[in-house]
Amino acid sequence: MPDTSSIIRCRNVWKLYGPGTDATRDLSAAELNDTYLQTHRLVPAVRDVTLDIQKGEIFVIMGLSGSGKSTLVRCMTGLVDTTRGDMLIGDDNLTGIDARRLIDIRRRRISMVFQDFALLPHLTVLDNIAFPLRVQGKGRDARLARARELATLVGLDGREDRFPHELSGGQQQRVGIARSLTTDPEIWFLDEPFSALDPLIRHEMQDEFLRLQGTLHKTIVFITHDFEEAIRIADRIAIMHNGRVVQIDTPEGLILNPADAYVAEFTRKIPRHRVMRAGSLAQPVTPLAEGTPVSATALLADIAPRILSSDRPVPVADDQGTIIGAIDRQQVIATIFGTGAV
Amino acid sequence: MSSTILRRPQVLIASAVRSPKSLIVVLGVILVISLFPALRETLPDWAVRLPKAWLPDLAGPINRFFVWLSRKAEIGPLRVKDISRGLAAVIEMPLSLVQGLLVTGLELPLPLRKGLQLNALPWWALTAALTIFGHWVAGRRAAALVLASCLYFLGLNLWDEAMLTLASVGIAVIIGTILGVLLGSAAHRWPQLDLVLNPTYDVMQTLPVFSYLVPIILFFGFGPVAALIATVIYAMPPMARNTTLALRRLPTSVGELASMSGCSPRQRLLLVLLPAARQGLLTGFNQLVMLSLSAAIIAAVIGAGGLGNVVLQGLKSMQLGRAFEAGLGITLMAIVLDRLSRAFALRRPSHGTKMTGWRRHPELFCGLGILALGFVAAQVAPMTRDFPAVLTGSSGRMLDDFFTWVNVSFAGPIGALRDGFVRHLFRPTKDALLSLPWMAVVLLVALAAHQVRGIGLALATTAMLSFIAITGYWDMAMTSLYLVTISVVIAVLIGFPIGVLAAQNPRLGQATALVTDTLQTLPSFVYLIPVVMLFGLGDFPAMVAIVAFALPPAIRYPMDGIARVPQSLTEAADMAGCTRFQRLIHVQIPCALPEIMLGLSQTILMAFGMLVITALVGTRGLEQETLIAVSKAKVGEGLIAGLGISFLSIIADRLITHGSARLRRRLGQV
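Listed in order, the protein sequences are those of chains A and B.
Read in order, the letters of the first sequence are residues 0 to 341 in numbering that gives the first Met the number 0.
Read in order, the letters of the second sequence are residues 0 to 669 in numbering that gives the first Met the number 0.
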């Protein structure tokens, strides 16, 4: 992939907590090891993370609490200072950035949705949504008009004059989402946006989120501790463990080739037919394959009934219509019930 | 055994610190040595009391310094005296404007001619407007309360005094809010400021009001401005502290939201942090209002006028009826102000008010309209300003006679009660405390401090107690301490069982909460009135007043603490087959113990707060010294004695709150 299309670039990003973190900038990469950290009583929240996020993709950072995912996203937004390494948003390096420039980036290019919503209790729904424009000094009429558009977009029609405490949790997060879209940012950070919601509402909000992204096409960095949520919405997933990024891959890639036992443990419980797509299951074409081909991007869950009811392998075609292989009943059964040998 | 201890104290202290058992032994030995005269003889004299010759003269230099500072000192081209005069003029402007509007009338300076005389607002306009504002802020019942209070003041001819007090409270609250929010936000922005501000607030809040009245009089003269400054000093710290606390308690995401929206530092504070922390700020505001009233009343001592002055004159001339009427008026005003400022804090915005301007707040504009109308009416027809004299009256004589009758007919039992307390409780306690060698007290407190917190607190308590000894106020400090100790013990003996009972029974609990909340709003000064009426002057009425004032926290903390014990725990106790009593003893009280201890510390702080005022009824400890300092304008004596009281209460508070925190950690309630 060409480097120009990546909009966020982390280069050996470290975030350390403890006394004397500045001194670590002068060390070589090899010197900054566990022994050094222990003797200097430094706690690494993020360790040596290098990754690129492409324009327009949904990039999910997945990890359990304490894995460093929240800190990493706060490095990306400048909410915490990166201790070491380069943290680039477009052409701006956030490491050591000037405060004014950072304010400017936040006002125009990036925005964030918070786990606990962070709605201002003294403002109405509409004023909350319009808040980022108010900070920029936009006129009242202009910002309220824009806020009304967004309230409609996220389905808050008729609730514009409520106060946050008069809304349910799901509705409150809709306000948070609308507010983060007010300035039409390029990059949209969502920090565990649905973790505080009930499972049913969470599912509904994930659908809503995918629907929004279908029309907005933002670059999205999405934090979650829920692997199922991650595979449901992600283009690519970075799995973090003890401050390190252990693996970056597509949901399928993680399931097919987990980098280590830690990742495998997550993928083990995931129903495969909800993740695997026809393309990655297709075997070399045999003459036996017959019937209309299925799309390579189709989820196994959607095509399984047809394959299972057919005696012969079903052909798989890519988006140009070229047949790239076929899937038979045995493969479907092995994928769904098998233990990994696909 | 005692000689071993004297020879090798370090060893014993070290072992005491290690194990609680040997600590108790050491404490016991110290007590025995201290209390038995024969053993005390073995101690060197300086360990019992520092000889007079050793004591440095601290008060003299402080007095000379303050006189120099207030008369001669210069900062650059300006004399301090001129600065303080200028400041006084700036503060006086709004104060005299409000007082003029409410009571005294205004004189507008006009060029060429004599100033234009404007009359103050008439009673009917103020009464109507205040009632409407009451309705706007807190609803119908509060409005009725406001109206009733106004009528009370009018009918008993206390209107002008009440309005003067209201004016001082109003201006003090405005200044206190601005200062408090500024200082509180600064401490949030720069946490290092805590190192300076926290101890300063501690001292400001515990220093007896009389001891800082003297320097204020030196700088600002005798009168309302000095009173106002004293009021702000007394009432502002909780506003600042609550501001900082509320800002620190905000979820981190609120601050992050401000950053992510691209707020400038000013926008961050004004648009995001302060509004989001509104609830906490208003808690501080409520405390600010109540303490301002309390201080504005006490400030009568330095010529603030108003209701406090009526009480003070009444107490001085033994016209108790008038003092009682004014005291009841203060009580009414306290309840009203508390209601209104609390309602303000609890109000949450709600949707459906799309209207703007006067239609959104019709009551506000209506009230302002009535005030404007009244102002015009007062100029055109001045006779409408005053409440018709025929409708006013005072029960003064009647009440006086009643109290005389009570005193005469119950002189026997009341006297017997008082004498019994004095003979069997007061004197023995006082003698015991006075007989303790000061070194023994310092050592005991330091050991306790080390146990609950560590070496830092032990050093701090040692320094504070040594200060009291070195300044030569040790005996007076013990005299203060004995009265507080007895009062606190009695308050706890009364309060704890009530609190426990109230926690078991929801209806009793509600009633208790209502009573204690009301008692807590009353300014300390008010408590002196009935006590003096019934018991006259001296330590016994002082003790009764202190107990009454310190009782609310002694009831509330155990009650709330027990009520807050998680339901699952009480259910587990029930399922284990506990009787109600067992449940209380084995589950509820142990779990609520940290809270109960905090209640004890609050009770002690309140007791010291009241002790300071009891100087007016003739107690003899440090508090008396601060009151004498006011009348003789001796800054040094007043400040040193005041610091003594301040230190005693800070020590008691620190020991208990740290003990409570330790317990909380052990119970895993962090």
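Hints were generated in silico from the structure; no laboratory data involved.
If you're wondering where the values come from, they're calculated on a predicted model, not measured in any experiment.
Please note: incorrect hints may appear among the correct ones.
[Claimed, not checked] As a list, the in silico DMTMM-like pairs of lysine to aspartate or glutamate whose alpha-carbon atoms are at most 25 Å apart:
(1) A:K137 with B:E255
(2) A:K268 with A:D317
(3) A:K217 with A:E165
(4) B:K80 with B:E91
(5) A:K217 with B:E91
(6) B:K71 with B:E40
[Said to hold, decoys possible] A few chain B residues that face chain A, going by a derived Cβ cut-off under 8 Å, partial list only:
(7) G220
(8) G222
(9) P250
(10) E255
(11) L256
(12) S260
(13) C262
(14) S263
(15) R265
(16) L269
(17) L270
(18) G279
(19) L281
(20) V421
(21) Q623
[As the list claims (entries may be wrong)] Now the in silico label distances, taken between C-beta atoms and shown as ranges:
(22) B:P250 with A:R107: 23 to 29 Å
(23) B:P250 with A:T38: 33 to 39 Å
(24) B:I469 with A:T38: 43 to 49 Å
Note that beta-carbon positions come from the ideal geometry of N, C-alpha and C, so glycine has one too.
query: Can you list which hints this structure breaks, lowest number first?
result: Violated hints (numbers, rising): 2, 3, 5, 6, 7, 8, 15, 16, 18, 19, 20 and 21; every other hint is consistent with the structure.
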